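Asker: Single-letter residue listing:
There are 2 protein chains.
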Amino acid sequence: MAVGVANFPDMPQINGLRFGVTEAGVKYADRKDLVVFEICEGASVAGVFTKNAFCAAPVTVAKEHLAKATPRFLIVNTGNANAGTGEQGLQDALSMCSVLAEIEGQDITCEQVLPFSTGVIGETLPIEKIAAAIPKALSQLEHSTWFDVATGIMTTDTRPKAACRTFSYKGKVYSLAGVSKGAGMIKPNMATMLAYVATDINIAPSLLQDWLQQTTEKSFNRITIDSDTSTNDACILIATGKAGNTQISSIDDELGKRFFEELMSIMQELAQAIVRDGEGATKFVEISVEQASSTQEALNLAFNIAHSPLVKTALFASDPNWGRILAVVGRSDLPNLEISKVQITLNGVCIVENGARAMSYTEEAGQKAMSSEEINITVSLGRSQINESVWTTDLSHEYVSVNADYRS
Amino acid sequence: MAVGVANFPDMPQINGLRFGVTEAGVKYADRKDLVVFEICEGASVAGVFTKNAFCAAPVTVAKEHLAKATPRFLIVNTGNANAGTGEQGLQDALSMCSVLAEIEGQDITCEQVLPFSTGVIGETLPIEKIAAAIPKALSQLEHSTWFDVATGIMTTDTRPKAACRTFSYKGKVYSLAGVSKGAGMIKPNMATMLAYVATDINIAPSLLQDWLQQTTEKSFNRITIDSDTSTNDACILIATGKAGNTQISSIDDELGKRFFEELMSIMQELAQAIVRDGEGATKFVEISVEQASSTQEALNLAFNIAHSPLVKTALFASDPNWGRILAVVGRSDLPNLEISKVQITLNGVCIVENGARAMSYTEEAGQKAMSSEEINITVSLGRSQINESVWTTDLSHEYVSVNADYRS
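Chains as they are written, first to last, in the working numbering: chain E, 14 to 421; chain B, 14 to 421.
Keep in mind the hints are simulated off the structure, nothing from the lab.
Quick caveat, the model's predicted, so the values are computed rather than measured.
Check each hint, because a few of them may be wrong.
You can't tell identical chains apart in this list, so a pair holds if it fits in one copy or across any two.
[Stated by the list, open to error] In the DSS-like style, the derived pairs of lysine-lysine whose C-alpha atoms are separated by at most 27 Å in a straight line are:
no.: 1; residue 1: Lys381; residue 2: Lys40
no.: 2; residue 1: Lys381; residue 2: Lys142
no.: 3; residue 1: Lys354; residue 2: Lys64
no.: 4; residue 1: Lys354; residue 2: Lys76
no.: 5; residue 1: Lys381; residue 2: Lys354
Hey, can you work out the whole structure from these sequences and the hints?
Answerer: Below is the structure:
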């Protein structure tokens, strides 16, 4: 299940970046499950990773490698998260890098390779299968496409997720392109498993890292499907520099400002694509908290609503059972809340004002709003001027099936 | 669905307390939905109520009345929560009290009646139906039983919930008896909707209130089904004093100590009965956090595990997918957590130690543990000496059906 139709975009090639995608048979046969990114020399690479204390072995290794060297390769497997695997897991994550580096020869060191894994937690990585498939993946570097990459990183996703932007500045055309994956265990904390975004623009590494963090905060850190932060979240941003512009190193750079806007937009599209393909999702839901006292207060309330099984099942049922939203607002420990100032709307239909059902509300209007596939719930607290939004899904039978019928 | 078999206990009569239960047709015809408790003169009555800021009108009125006078009657309706109903709701809650007081005549004032409602939030209370049924309820005071009361307060509950204790002290027999209801929107904060416990022991009102708060904290405030605190939670404790003992007014009183033990035990049984009958529940799950730094840390982690849809669906599937538990521990913001000290067991089977799968763990042992109807998950943090437990359910298709197929 998924919300809406997603046509795979016509993705631009990013100069300086190549992919190799193949089948390693990690968990399933005949499924693309191993992806290699080759990054040109001289590129800038930024990364954000899960804050889960039990972060996966590849996350530990990728963070260490990124701190030591500029990456030239990324290697990603699905079907196994290599998390909760202790010392063996670290060895296996390192092996993914060293096997690839050895094949590439003297130019590439083990530290210039970042490993990523996604899939079931707590099972030993079948490293022999992956090692055996790395030459096959590398042989595809001339042939694999963004579509292959987006498909090759899927787990319980029902469709590949990608987005792109091209824009011209002073007569020159620049490109951004990216892919994301994720459908369950989604409540990212600094990133989500997995997203890779690339541009041909030349940007200084530290600025690229700042911009990645800023846009992650407003994109992947604003989505939730089921409240659990994965052990394997990661988002990587690559700037190959092949567009040939003078390196951007200041936030005041005009091309940089334009890039930042496009980056924010592509990051939000990729984050929202994960929600639209959330496990069992039949609705795409935006929850906006307005007139809050602080960003934290707004986000806490928005996520409380987004995580409430009662609100989520009402959304699934297209039932305007707004009492459940009101109950969450009431239990959210908002200090000195004046309930008479609270207003709640559903796709613009006012349901609650003055601490009770809005006088203008009719069940028909509520029913019409809730039957939409895309729903906005706005709670206005009448306290101050802070507004925040998060994106989530409903809770359906399909969600239970996906997570109870087989081990993911 | 519910976990285990629940035989309705052979409940003792509490001297000084009578019930009248009838059908008012609030939401459904031919269903007991109106319960009146008559409390003798001279009794002590204590109460705890929801902390939801959008607390229901009857909660507001009951708290006010309890502060002003010693209650002589409780009146409870199901089928409508009278929450989110504004000024009209307050009028209706007051009417429930005044109509009853008027029938009883000069002896009883409106303030001596406490109102309670449970059911759908946000719909106007059909006060005429309730008012019309009050005389019928009062006419049953000679006839209605604890079973009628336990049945008369049910909403999505599949079975009546009751518990009792009798004990002798210095040759005299004392009794406690109580009922509870609740199956969804259960994550109480100071009480749960609804529980009524009574004893014939003579206890001073302020001490009774202290003991109610202490035992609530370790019983109803330790359960969760779906993380949402109801707008209508309330727990009332009545001490009729008809046993004739000298009034207990100190925590050092020997009979009082004995009573407190029995009270804690009956409160926990009633709270756990709600979990066993949780919406769609197929498992009764105890989550214990041991060796935590503080009570708050232990409870936060225990509730995070209890609320994780991924853990709950794995419990439903009887799948020892312990990686999901590990992911929750990891994302729970435990400051300076040393993952090498974390140990996780499932019904005594060690699944995680030293930050990874336990060497001794086998899938067969995990599978056997998870196939049980009653499951204990213990997470030991190796930090200090604080231990806490909470009780919860799994997340099944039935939960989604109950909350999506009709409005509750």
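Asker: Which numbered hints turn out to be false for this structure?
Answerer: 2
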